[in-house]
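Novice: Based on the hints, put chains B and C in the right spot on chain A.
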Amino acid sequence: MIESVLLWLFAATALAAAALMLVLRHPMRVALALTATMISLAGIYALLGVHVIAVFQVLIYVGAVMVFMVYAIMLLDVRDRSFTRRYSRMLVPGVAAAVAFVAILAHALWRGLPEAKSAPGVMLFGLKEFSVTFLNEYWLHFELVSVLLVAAVVAALAVIEVGRKHRG
Amino acid sequence: MSHLLALIVVLPLAGFLLNGLAGNRLGKAFVSTVGCGLPILAFAVAVKCLVDLQAAGGAPRIEVAYTWAAIGDSLFEIAFYFDALTAVMVLIVTGVGSLIHIYSIGYMKADSSYARYYAYLNLFLFFMLLLVLGRSMLVLFVGWEGVGLASYLLIGFWFEDPDKARAGKKAFITNRIGDAGFLLGMFLVYQALGTLDMDRINAAFMGTSPPAVSASLLGILLFIGASGKSAQIPLYVWLPDAMAGPTPVSALIHAATMVTGGVYLVARLSGVYMHAPEASAVIAAVGVFTALFAATIAVAQNDIKKVLAYSTISQLGFMFVALGVGAYGVAIFHVYTHAFFKACLFLGAGSVIHALGGEQDIRKMGGLARRIPVTFATFAVATAAIAGIPPLAGFFSKDEILWYAFASSHGGSPLLFAVAATTALLTAFYMFRLLWLTFFGRSRMTPEVEHHVHESPLSMTGVLVVLAVLSAIGGFLSIPHYLAPMLPLPEVAHELEYFETPLVVMSVVVAFAGLAAAAFVYGDAGARAEALRRRFPGLYRVLCGKYFVDEAYDALIARPLYWISDRVFLRIGDRQLFDGTLHGLAALGRRTAGGLSRVQNGSLHLYALFVLLGIIASLAWGWRHG
Amino acid sequence: MLIATSIALFALGLLGVIVRRNVLVMLMCMELMLNGVNLSLVTFAQQQATAAGAVLVLLVFVVAAAEIAIAIPIVLLLVRRKDGLDLDAYAELKG
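Residue numbers (the numbering used here), protein chains in the order written: chain A, 1 to 168; chain B, 169 to 794; chain C, 795 to 889.
Next up, chain A with everything else stripped away, as it sits in the complex (with noise of 0.2 Å):
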């Protein structure tokens, strides 16, 4: 019961932290919109059991990615013309877009989903069990995701290069 009151009021505050990201001005402003609506996340992961992608969400999400984010628009000049003219020309088409979108999606929604399993709160995913599974069943798609990652070295170090010989 308790989970069910909590669960929507993880996923409201997500939902208004989104919608926010899309008004505000400053940059600082919106990430730190995001990282709410990440947190929120989180809390809903928790909630419906699935504790292992809870913490790594609040680890690499909040802690990497979000971080890094605020990072870059600490280092840079945000008042310039994005800051005080926000949307772009395709605002009207846009929104008219998203809400076909949204619309097809919801009544393909509303024509049902497929049985639920289990209820939400039944802890599925302990770090034991699920590391064994991953690294038994999926230990393929764990290797190129680590050659990804090595891409991702190569082009880092790239851009080194270039933001080198970009200051001469």
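Hints in this document: simulated from the structure, not taken from any laboratory.
Backbone N, C-alpha and C fix where the C-beta goes; we use that ideal spot for every residue, glycine too.
Careful, some of the hints might be misleading.
FRET-style restraints, in silico, Cβ to Cβ [said to hold, decoys possible]: (1) A151(A) - R758(B): 13 to 21 Å; (2) A785(B) - M74(A): 15 to 23 Å; (3) V92(A) - L764(B): 56 to 64 Å; (4) I868(C) - A785(B): 46 to 54 Å.
Restricting the straight-line Cα-Cα distance to at most 20 Å, the calculated cross-link-like pairs of lysine to any residue (SDA-like) are [said to hold, decoys possible]: (5) K277(B) - D718(B); (6) K165(A) - P867(C); (7) K876(C) - R86(A); (8) K128(A) - A46(A); (9) K128(A) - R875(C); (10) K876(C) - A46(A); (11) K876(C) - R164(A); (12) K532(B) - K277(B); (13) K128(A) - K876(C); (14) K165(A) - L853(C); (15) K165(A) - R875(C); (16) K532(B) - L772(B); (17) K876(C) - A695(B); (18) K128(A) - I868(C); (19) K165(A) - I864(C); (20) K337(B) - L772(B); (21) K876(C) - E161(A); (22) K332(B) - E623(B); (23) K876(C) - L76(A); (24) K165(A) - A846(C); (25) K876(C) - V162(A); (26) K876(C) - R79(A); (27) K332(B) - D251(B); (28) K876(C) - I160(A); (29) K876(C) - A72(A).
Partial list, computed: chain B residues near chain A (C-beta under 10 Å) [as the list claims (entries may be wrong)]: (30) V219; (31) L774; (32) A776; (33) W791.
Specialist: Showing chains B and C alone in chain A's frame:
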């Protein structure tokens, strides 16, 4: 032994190749030797073939040289056919041809394109021999077209002058119009009989079951082709203009040989024409009308070569009259005598022009009889021959034509005879007029020209003498009787036979009457001629202007065609339709590309919007399909 | 309900990419999209009791981190060149 006919044909071809490719480098002596020697050699071979023919009792000799194409069941060969008719034609072509080649040595001596001249002349001989020796109409047609080509090349020999080049074009194009009829005739024959071999065609028509095709239709179609080549109405207009070429060319091609190609064609296919009374009637009518028409024009011409050109058209008309009444052998007889005296006349005219340094207007001649005696004598003999004065050659052949025009049961009539006799009178008149104005009376030459007057060299005068002698005695060789087994003379109604002697007398009287009339009108330095001209100014203008036929053709045919070409096909069809469509398509492509390229404006927002729209589209599609 | 939330988050994220001008804000909206997807994945994983969804979410984390690690330096370099964060100034690839 069995390739003699091919040899006759190939010798002039070798001359063409040698002179054409190497003549310029090897000098005039080489060109003359090869250019004259090879035709003379061909003449010798032809004589040998004639002897063989006589020995074989007149049986035709057939040689297959080469199989051109085998298409399905039908076989197209290059084959040669030699019988009495061919013998006469080949001997004329090579004999008179060789004489004219020899004459050209002197006449073209000073010309810079000496080698090219002889090359073309030999090329002409090659094609003409193909024409007369061919067994199938296909080979004949190759020769037919080829002589047209050679004629074009030789008429426009001095092509730097645009008028002369245009005359060459006119000849070729007018010929081509006639060839349309010839081709249709060939298609008809091939479709009906499955063969183009002329001996087989004759046999099919003379045989017991005549073929399904109308002989008259075939006859008329082939006659259209013949009238183009042999300058009958309405396709004669190229012949007077063809006088722009060198005079020996006019003698060879437009008097003795090429223009007789049409006559030969009809005579060769006598089997068809004997069963085609309508076609024969048309031929006789066109022939006699052309003869009269051309004779009236010749009376008023002032260029020595133009008079002879119209005279040729008129004499060809006579030949067609003979063909039209079924007297095929007589027509060939006239070809034979005409070759001698007309060549002699043309070469004589060439000699006069050469003596006067290029002057061709007879109003500016006169009193030449004593200055250039050999030319005068030969010209006089040939003039008498063409007028029909006995016992020269022209008398025999023309008399036979007049007789059969009157008496042939195949279409002869008093009306035909009357028109033909009138034309004969006019012929005598204008030929003697020409003789008088050129050689007699006081000299009307300019002083510079008068100083220049000299007799031509032996190479020219020798040939003139030979031709004059032939014009005199050639008539005694009765060709029609020689050809009679192959080309039977037409039947004469019994009661008309009594008219034969009176008609002979009448034709002699006509000839002398013409001579007397000419002497009367032109004898006293042209005062009476002037008086005549002043009394009939309109008639004179029409005759002098050749009945304005060329102008009529230009206004009625050439200019409308040009207008249609320009206005309809060029401006509307080509520029607006075709170019417009192409440019339009290109512009359409360009504008579409321009419009489409505005999608890529570098704005990420737009791209992201398109992504969203794409997602919506695919979802909607999935939604609609369940 | 959770699925509806995830749909809404994704739509808001995509809308943000289309309408916002600031480059950094656009990047953050892309993160929002990823989060929306993560939510739906986790919901289905939990409802169907399968580990595949959770594994995929983990992979998405890694990819998002790597992406942001490279994207921000690129943006920094761009900003240095163009001297501004307005996306309209980056329209050099217009064709």
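Novice: Next, verify each hint and record whether it holds.
Specialist: Taking the hints in turn, this is what the structure says about them:
1. Range check, A151(A) to R758(B): about 42 Å between beta-carbon atoms, so the 13 to 21 Å window is missed.
2. One distance hint, 15 to 23 Å for the beta-carbon pair A785(B) and M74(A), is violated here, with the actual separation near 41 Å.
3. Distance hint for V92(A) and L764(B): a CB-CB separation of about 23 Å, inconsistent with the stated range 56 to 64 Å.
4. Taken as a hint, the range 46 to 54 Å is violated for the pair I868(C) and A785(B), whose Cβ atoms sit roughly 30 Å apart.
5. Restraint check: the Cα-Cα separation between K277(B) and D718(B) comes to about 34 Å, which exceeds 20 Å; the hinted pair is violated.
6. With a C-alpha separation of about 14 Å, the suggested pairing of K165(A) with P867(C) holds against the 20 Å cut-off.
7. As the CA atoms of K876(C) and R86(A) are separated by approximately 18 Å, the hinted pair is consistent with the 20 Å bound.
8. Taking the CA atoms of K128(A) and A46(A), the gap is about 16 Å. The hint holds against a cut of 20 Å.
9. With a C-alpha separation of about 49 Å, the suggested pair K128(A) and R875(C) falls outside the 20 Å cut-off, and the hint is violated.
10. Restraint check: the Cα-Cα separation between K876(C) and A46(A) comes to about 43 Å, which exceeds 20 Å; the hinted pair is violated.
11. For the hint pairing K876(C) with R164(A), the CA-to-CA distance comes to about 17 Å; that is within 20 Å, so the pair holds.
12. Of the pairs offered as hints, the one joining K532(B) and K277(B) is violated, with about 25 Å between alpha carbons and a cut-off of 20 Å exceeded.
13. Distance restraint check for K128(A) and K876(C): the Cα-Cα separation of roughly 49 Å exceeds the 20 Å cut-off, and the hinted pair is therefore not satisfied.
14. A hinted pair counts as satisfied when its Cα atoms are at most 20 Å apart, and K165(A) with L853(C) does not qualify at roughly 34 Å.
15. The suggested pairing of K165(A) with R875(C) holds, with an alpha-carbon distance near 12 Å, which does not exceed 20 Å.
16. Our distance criterion of 20 Å between C-alpha atoms is broken by K532(B) and L772(B), whose separation comes to about 97 Å.
17. Distance check on the hinted pair: K876(C) and A695(B) sit about 109 Å apart at the alpha-carbon level, beyond 20 Å; violated.
18. Only pairs whose Cα atoms come within 20 Å are accepted, and K128(A) paired with I868(C) is rejected, the gap being roughly 38 Å.
19. Taking the CA atoms of K165(A) and I864(C), the gap is near 17 Å; set against the 20 Å cutoff, the hint holds.
20. With a C-alpha separation of about 71 Å, the suggested pairing of K337(B) with L772(B) is violated against the 20 Å cut-off.
21. With a CA separation close to 19 Å, the supplied pair K876(C) and E161(A) stays within the 20 Å bound.
22. Restraint check: the Cα-Cα separation between K332(B) and E623(B) comes to about 27 Å, which exceeds 20 Å; the hinted pair is violated.
23. Between K876(C) and L76(A) the CA atoms are separated by roughly 13 Å; this keeps the pair inside 20 Å, and the hint holds.
24. A hinted pair counts as satisfied when its Cα atoms are at most 20 Å apart, and K165(A) with A846(C) does not qualify at roughly 44 Å.
25. Only pairs whose Cα atoms come within 20 Å are accepted, and K876(C) paired with V162(A) is accepted, the gap being roughly 15 Å.
26. Between the alpha carbons of K876(C) and R79(A) the distance comes to roughly 14 Å, so the proposed pair stays at or under 20 Å and holds.
27. Among the hinted pairs, K332(B) with D251(B) is inconsistent with the structure: their alpha-carbon atoms are about 39 Å apart, more than 20 Å.
28. For the proposed pair K876(C) and I160(A), the alpha carbon gap of about 18 Å is at most 20 Å, so the pair holds.
29. Distance check on the hinted pair: K876(C) and A72(A) sit about 16 Å apart at the alpha-carbon level, within 20 Å; holds.
30. Interface restraint check for V219(B): the shortest CB-CB distance to chain A comes to about 104 Å, outside 10 Å, so the restraint is violated.
31. The interface hint given for L774(B) is met, as the beta carbon of that residue sits about 6 Å from the closest beta carbon of chain A, less than 10 Å.
32. Of the supplied interface hints, the one on A776(B) holds, with its beta-carbon coming within about 8 Å of a beta-carbon of chain A, less than 10 Å.
33. Residue-level restraint check for W791(B) holds (minimum Cβ-Cβ distance to chain A is 6 Å; threshold 10 Å).
This entry does not satisfy hints 1, 2, 3, 4, 5, 9, 10, 12, 13, 14, 16, 17, 18, 20, 22, 24, 27 and 30, going by the numbered hints stated previously.
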